[in-house]
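Chemist: Fit chain B to the known structure of chain A by using the hints.
In case you want the letters, here they are:
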Amino acid sequence: MSGPHATQIIEGYVARLEAELAGLPADRRRELVQDVRDHIGESRAALEQESDADLHNIVDRLGEPAELAREAREREEEKRSNGQHWGWIEVAGIVLTILVWPAGAILVWLSRVWSRQEKLIGTLIGAVAFVIGFPLFAPLVGPTLGRLVQMLGGPTPLLIPTLGFFNVIGAIYLAFRLSRRESALSRVTV
Amino acid sequence: MTQMRKGLLEYCVMALLVSAPRYGYELVNQLAKVDGMLTTEGTIYPLLARLRRDRFVATEWRESSGGHPRKYYRLTKEGDQALASFRRQWATLRSAVDEILKGGKA
Numbered sequence: 001m002s003g004p005h006a007t008q009i010i011e012g013y014v015a016r017l018e019a020e021l022a023g024l025p026a027d028r029r030r031e032l033v034q035d036v037r038d039h040i041g042e043s044r045a046a047l048e049q050e051s052d053a054d055l056h057n058i059v060d061r062l063g064e065p066a067e068l069a070r071e072a073r074e075r076e077e078e079k080r081s082n083g084q085h086w087g088w089i090e091v092a093g094i095v096l097t098i099l100v101w102p103a104g105a106i107l108v109w110l111s112r113v114w115s116r117q118e119k120l121i122g123t124l125i126g127a128v129a130f131v132i133g134f135p136l137f138a139p140l141v142g143p144t145l146g147r148l149v150q151m152l153g154g155p156t157p158l159l160i161p162t163l164g165f166f167n168v169i170g171a172i173y174l175a176f177r178l179s180r181r182e183s184a185l186s187r188v189t190v
Numbered sequence: 001m002t003q004m005r006k007g008l009l010e011y012c013v014m015a016l017l018v019s020a021p022r023y024g025y026e027l028v029n030q031l032a033k034v035d036g037m038l039t040t041e042g043t044i045y046p047l048l049a050r051l052r053r054d055r056f057v058a059t060e061w062r063e064s065s066g067g068h069p070r071k072y073y074r075l076t077k078e079g080d081q082a083l084a085s086f087r088r089q090w091a092t093l094r095s096a097v098d099e100i101l102k103g104g105k106a
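In order, the protein sequence lines correspond to chains A and B.
The opening position of the first sequence corresponds to residue 1 in my numbering, with each subsequent residue numbered one higher.
The opening position of the second sequence corresponds to residue 1 in my numbering, with each subsequent residue numbered one higher.
Just chain A, same shape as in the assembly (with noise of 0.2 Å):
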């Protein structure tokens, strides 16, 4: 037996926690909603006899629709971490960001491990070389352009250390923030 007024009870608890997601990506929207759909009908079938009191009860334990869709947020957004850190992708990506800057930037983008945040300050950092050290690749862009970037900047000998210097130092931040990930209870603290 249904309590009297259970639709009632779960649909309007089903469309607040509808409301409150807005904003999530609709598949999770979705997962999350048959989620709690699933719960509480798992929640009902236990009962013997079912009243309203009982369904007001599942829907209370289940928690606020705005803590829910909170607590979901704060899930999305936490740092992307699957265990697997130093994989072949990760390790060339800090080498070529030395070596070869573009090439290795792009493989520290398609890695799944760094944040967006990372990624960029990594990205800038490197940059950083590439751009300083343009004026060094002048010769080989083209003799007009050439002519041209060697007049704003022109190679001088020094380049050639700072361009590695602001590599390795991309290297070694994309590295460090890394190995803090090793941590499992890094995803314990605030």
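Honestly, the hints are just simulated from the structure, not real lab data.
Any given hint might turn out to be false.
Incomplete in silico selection of chain B near chain A, CB under 10 Å [what the hints assert, rightly or not]:
no., residue
1, P21
2, V28
3, N29
4, A32
5, G36
6, T39
7, T40
8, G42
9, I44
10, R53
11, D54
12, G66
13, I100
Quick look at which bits of chain A chain B covers, simulated, 3 or more residues with Cβ under 8 Å [stated by the list, open to error]:
no., stretch
14, 27–37
15, 58–64
16, 110–117
17, 165–175
Computed Cβ-Cβ distance ranges for the label pairs, DEER-style [claimed, not checked]:
no., chain 1, residue 1, chain 2, residue 2, range
18, A, A103, B, K102, 53 to 63 Å
19, B, Q81, A, N57, 35 to 45 Å
20, B, R55, A, L99, 27 to 37 Å
21, B, K102, A, Q8, 50 to 60 Å
22, A, Q34, B, V34, 25 to 35 Å
23, B, L93, A, N57, 51 to 61 Å
24, A, W88, B, G66, 40 to 50 Å
25, B, R55, A, G41, 40 to 50 Å
26, B, S95, A, E74, 21 to 31 Å
Please read all numbers here as calculations on a predicted model, not as lab measurements.
Even glycine gets a Cβ: it sits at the ideal position worked out from N, Cα and C.
Modeler: Frame of chain A, contents of chain B only:
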């Protein structure tokens, strides 16, 4: 405190999956037996979705005796490794905190 409990909850969920795959409602009931672990039952579902995206757990639908399908969660190899690493760190941290708390009391 809430943040700490949230973080610890992930590993408790994974630990519950070591012995056998379980479905969501079953996990909620297991956790509800332990006082203070789960304040609102619904928050377990965003956590499970998150663990799946991190590939610490995998899901599989199975038919129940009641005739409706249930989504079962099982621990993956990655999840198992993460849990093992957590167990080691937790043991160290727990004894360190206990030591300090005992000292503070005396």
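Chemist: So, for every hint listed, does it hold in this structure?
Modeler: For each hint, the structure was consulted:
At a threshold of 10 Å, the smallest CB-CB gap from P21 (chain B) to chain A is about 15 Å, leaving the interface hint violated. Taking 10 Å as the C-beta contact cut-off toward chain A, the hint placing V28 (chain B) at the interface holds, the least distance being around 7 Å. Given the 10 Å rule on beta carbons, the hint for N29 (chain B) holds: about 9 Å separates it from the nearest Cβ of chain A. The beta carbon of A32 (chain B) is positioned within 10 Å of a beta carbon in chain A (closest approach about 8 Å), and the interface hint is therefore held.
For G36 (chain B), the interface hint is violated, the least distance from its beta-carbon to any beta-carbon of chain A being 15 Å, above 10 Å. The restraint placing T39 (chain B) at the interface with chain A holds, with a minimum CB-CB distance near 8 Å, inside the 10 Å limit. Interface hint at T40 (chain B): satisfied, since its Cβ lies 3 Å from the closest Cβ of chain A, which is below the 10 Å cut-off. Taking 10 Å as the C-beta cut-off, the interface hint given for G42 (chain B) holds, the closest approach to chain A being about 4 Å.
Hint status for I44 (chain B): holds, given a least beta-carbon distance of 9 Å to chain A, under 10 Å. Among the interface hints, the one on R53 (chain B) holds; its C-beta lies about 8 Å from the nearest C-beta in chain A, closer than the 10 Å criterion. Nearest Cβ of chain A to the Cβ of D54 (chain B): about 5 Å, under the 10 Å cut. The hint holds. Using the Cβ-Cβ criterion of 10 Å, the hint placing G66 (chain B) at the interface with chain A is satisfied: the shortest such distance is roughly 6 Å.
Given hint, I100 (chain B) at the interface with chain A, is violated; its Cβ is 16 Å from that chain's nearest Cβ, farther than 10 Å. Here the stretch 27–37 of chain A counts 5 residues with a CB under 8 Å from a CB of chain B, which clears the bar of 3, and the coverage holds. Figure legend: the stretch 58–64 of chain A, annotated as covered by chain B; annotation consistent (4 residues with Cβ-Cβ distances under 8 Å, at least 3 required). Under the rule that three or more residues need a Cβ within less than 8 Å of chain B, the assignment of the stretch 110–117 of chain A is violated, with 0 such residues.
For the stretch 165–175 of chain A, the stated coverage by chain B is not satisfied: 0 residues place a CB nearer than 8 Å to a CB of that chain, which falls below the threshold of 3. At about 54 Å, the beta-carbon gap between A103 (chain A) and K102 (chain B) stays in the expected band of 53 to 63 Å. For the pair Q81 (chain B) and N57 (chain A), the beta carbons lie near 39 Å from each other, so the given range of 35 to 45 Å is met. One distance hint, 27 to 37 Å for the beta-carbon pair R55 (chain B) and L99 (chain A), holds here, with the actual separation near 30 Å.
Checked against the given bound of 50 to 60 Å, the beta carbons of K102 (chain B) and Q8 (chain A), roughly 54 Å apart, stay inside it. Range check, Q34 (chain A) to V34 (chain B): about 26 Å between beta-carbon atoms, so the 25 to 35 Å window is met. A hinted range of 51 to 61 Å for the beta carbons of L93 (chain B) and N57 (chain A) is inconsistent with their spacing of about 36 Å. Against the hinted window of 40 to 50 Å, the Cβ-Cβ separation of W88 (chain A) and G66 (chain B) comes to about 46 Å, which satisfies the hint.
At about 27 Å, the beta-carbon gap between R55 (chain B) and G41 (chain A) misses the expected band of 40 to 50 Å. At about 30 Å, the CB distance of S95 (chain B) to E74 (chain A) agrees with the hint of 21 to 31 Å.
Violated hints, in rising order: 1, 5, 13, 16, 17, 23, 25; the structure is consistent with all others.
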